[in-house]
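Between the sequences and the hints, there should be enough to build the whole structure, so can you do that?
2 protein chains.
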Amino acid sequence: MEYEILNKNNIVKYINSINNIREYFGSDDLYIDEIGDGNLNYVFIIKSIEHPKKALILKQAVPYLRCVGEEYPLSRERMTFEIRALEQFSKIASSFIPKLYHTSEEMSCVIMEYLDKHIIMREGMIQKTIYPNFAEQISTYLAQNLFKTSSLHLDSTQKRELINKYNSNTQLCKLTEDFVFTFAFMEHETNDEYANNHKLAKELFEDIKFKKAVLNYKYKFMTQSDALLHGDLHTGSIMLNEEETYVIDPEFAFVGPFGFDIGALIGNLIMSYTSHVALGSKDDYKEWILKVIEDVLTKFEEKFLFLWNKQEESSLFTKNYMHEYDLEDFRREFMLGIFQDSLAFAGCKMARRMFGIAGVAEIRNIEDEKIRDNAIEMTLEIAKMFVKKNNEITKVSTVLHIIKEKTK
Amino acid sequence: MEYEILNKNNIVKYINSINNIREYFGSDDLYIDEIGDGNLNYVFIIKSIEHPKKALILKQAVPYLRCVGEEYPLSRERMTFEIRALEQFSKIASSFIPKLYHTSEEMSCVIMEYLDKHIIMREGMIQKTIYPNFAEQISTYLAQNLFKTSSLHLDSTQKRELINKYNSNTQLCKLTEDFVFTFAFMEHETNDEYANNHKLAKELFEDIKFKKAVLNYKYKFMTQSDALLHGDLHTGSIMLNEEETYVIDPEFAFVGPFGFDIGALIGNLIMSYTSHVALGSKDDYKEWILKVIEDVLTKFEEKFLFLWNKQEESSLFTKNYMHEYDLEDFRREFMLGIFQDSLAFAGCKMARRMFGIAGVAEIRNIEDEKIRDNAIEMTLEIAKMFVKKNNEITKVSTVLHIIKEKTK
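Taken in order, these protein sequences are the chains called P and W.
Those letters in the first sequence? Residues 0 to 407, per numbering that gives the first Met the number 0, in order.
Those letters in the second sequence? Residues 0 to 407, per numbering that gives the first Met the number 0, in order.
Treat the hints with care, as some may be off.
Same chains, same names: a pair is fine if it fits in one copy or spans any two.
[As the list claims (entries may be wrong)] DSBU-like mimics (lysine-lysine), calculated; alpha carbons at most 30 angstroms apart, straight line:
1. K302 / K211
2. K383 / K318
3. K201 / K302
4. K219 / K309
5. K52 / K298
6. K369 / K116
7. K211 / K318
8. K309 / K208
9. K46 / K198
These aren't lab readings, by the way, just hints derived from the structure by calculation.
Encoded structure:
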């Protein structure tokens with residue numbers, strides 16, 4: 000099918016051309032609405048009028064940035080990578096990905112499960128909701144996807160085929176290179192206006208040791224092909240409730256460094272924490288966040304190692320090359336590398352949210368300037384520590400200690 | 000043109016179908032001979048009978064390993080990557096690549112300059128020939144090609160396009176993974192027969208610290224996309240004389256870690272050195288080799304930094320991100336990383352030549368077992384130091400010191 004921009008008027012015709020979708024609804028009597036919560040793409044909800052519980056989401060990329068318009072062209076190829084990643088992650092860890100009903104790279108379009116009982120995690124955390132299963136679930140998601148798309152699991156041919164599938168996601172990787180690793184740490188027109196003359200921004204932009212370390216991690220982001228990443232795993236890419244966790248929007252997917260997804264998540268959990276500290280939220284919620292950070296890091300490592308221990312051969316390992324007990328040592332050092340990289344990436348992700356183009360709602364929307372600045376300051380203190388000194392941090396408990404120390 | 004295996008009988012017809020080759024010879028009266036010095040491919044020399052100085056080399060890949068036969072299938076796609084790399088390196092550093100007259104990915108074939116005044120460097124060094132321009136020339140080759148295919152020079156799109164072009168060179172990368180980083184360090188049927196019960200082999204296969212470090216470098220080889228590599232830059236891939244240096248056979252080309260080509264070269268120079276020490280060759284030749292090792296490492300760094308200093312922007316660097324004088328620091332640390340990785344890869348390359356499938360002639364052909372074992376022992380001592388302790392080595396002078404100490 001030739002590419003065509005979908006809208007409320009032509010969607011019915013389109014979905015009627017897809018057998019399983021037509022059968023799913025069983026009727027043409029559909030309610031269609033655009034739900035404009037994405038910056039990049041068009042998102043529609045399609046509901047059966049007769050049976051409103053029958054509902055699906057249709058997401059389509061247009062050849063420009065939706066929130067700006069046609070004057071900001073952005074190849075709709077990004078949806079190709081999102082589709083591939085959704086399909087790939089579904090194969091590996093299906094319970095954390097919305098069920099896919101239809102995908103079309105030609106139409107840059109995906110039709111999937113409507114998560115009507117779930118909310119975006121960032122909002123849930125602003126509302127101080129506790130998600131008791133989250134750490135358990137997201138650590139499984141991370142361990143499964145990262146391990147099973149890495150050279151510790153795949154053979155050499157599979158790994159190179161994986162890289163081929165995602166390597167051309169250039170535009171979105173470039174957005175990360177620019178906005179996560181560069182512009183937010185220098186005077187730049189894209190930065191938030193309150194960065195101008197802000198004491199903390201000035202300090203950050205002049206912190207040479209921090210900026211040099213960021214360059215190293217930017218380089219790692221660009222050149223280290225560990226595993227298939229979501230590529231933008233902040234709390235806005237997670238939909239959940241007290242039972243279930245779903246990861247959405249993997250349009251930034253590419254084969255990159257292990258620590259990047261973990262770091263994105265940890266960094267965003269910490270920003271939620273610093274915002275709650277600044278706002279004086281109740282201790283039990285703050286403690287829950289700290290516990291989640293601890294559990295995600297600990298459980299990720301346990302689960303990743305569990306998979307690794309079961310793996311007899313891969314492109315890295317050849318049977319009988321080394322004794323099992325010597326490999327354990329190797330694995331431990333390898334995991335420490337992932338852990339420290341995760342902290343460094345968390346630091347980059349946190350710091351860039353302070354003055355860069357894209358803030359996080361829980362901090363940038365704090366109206367009281369003093370409270371907001373306090374949140375920013377605590378966040379930056381932790382971020383700088385992670386970026387500059389991650390190689391001195393070897394334990395999860397130290398991470399928690401740092402967070403607590405810097406938010407006292 | 001559809002693929003067809005070329006031989007003495009059908010080559011004339013083939014080259015007559017190529018305008019510039021037909022014009023080059025100006026006559027059908029050609030002398031054609033197979034020169035069987037390659038293991039993987041067929042190589043022919045084509046000479047004008049009337050003007051014998053008019054001569055070209057035709058190299059063609061067949062869908063199997065030439066030296067074994069059709070029972071060892073190996074995709075002829077390897078020539079696709081060789082062609083791409085020859086063309087790419089020719090654009091960057093043309094004076095070190097044989098002039099290309101014709102390339103055809105369909106025919107897995109390249110027709111190029113016949114280097115009749117040059118010999119394979121390994122042979123030249125066995126004959127104790129001094130090449131006064133070599134270090135200057137090969138360091139330029141390395142600096143130009145590595146820098147200009149890296150993220151320090153290319154923009155993000157160019158870099159990802161480069162990776163796309165070479166990422167599917169899976170089979171040859173796999174050969175390196177297996178034969179350079181794995182089988183040569185464990186009991187394996189492909190190892191040389193004199194590895195059996197050899198005391199030094201046994202020691203090597205049980206050196207856990209060495210083998211663990213090798214795993215790290217194997218992982219780096221598989222996942223670190225710094226720059227376009229030759230991929231097999233030993234002294235058998237270099238043709239030279241006292242004036243000129245040419246690099247041939249880049250069929251292993253792929254985007255990998257900076258240090259791999261440099262390490263391959265340094266490792267092979269060191270093996271030439273240890274062989275001459277064991278054989279009791281004259282001091283002036285041994286000293287020349289040491290000087291070459293020193294010069295290659297020093298000049299590579301100088302030339303790479305020279306290019307980098309001139310580079311205003313790249314996918315890594317954004318103008319005004321940092322002051323020039325702070326970048327110098329970053330560059331110095333970055334170069335130290337390349338240096339240390341080069342030593343580690345040199346160590347892997349040296350050690351794998353001792354008992355693995357492919358020995359180096361200057362050591363494996365030593366008939367006197369005691370002398371040969373002495374060369375092996377010295378080589379392994381240096382190799383282990385480089386693999387296990389490269390991160391303690393920060394200066395070129397230390398490299399020379401280690402080589403001298405271990406060959407006393």
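Now the hints, each set against the structure:
{"no.": "1", "hint": "K302 / K211", "result": "between (33 angstroms within a copy, 23 angstroms between copies)"}
{"no.": "2", "hint": "K383 / K318", "result": "between (42 angstroms within a copy, 22 angstroms between copies)"}
{"no.": "3", "hint": "K201 / K302", "result": "neither (41 angstroms within a copy, 36 angstroms between copies)"}
{"no.": "4", "hint": "K219 / K309", "result": "both (28 angstroms within a copy, 23 angstroms between copies)"}
{"no.": "5", "hint": "K52 / K298", "result": "neither (35 angstroms within a copy, 70 angstroms between copies)"}
{"no.": "6", "hint": "K369 / K116", "result": "neither (36 angstroms within a copy, 77 angstroms between copies)"}
{"no.": "7", "hint": "K211 / K318", "result": "between (40 angstroms within a copy, 14 angstroms between copies)"}
{"no.": "8", "hint": "K309 / K208", "result": "between (41 angstroms within a copy, 23 angstroms between copies)"}
{"no.": "9", "hint": "K46 / K198", "result": "neither (50 angstroms within a copy, 75 angstroms between copies)"}
Going through the hint list in order, the structure does not satisfy hints 3, 5, 6 and 9.
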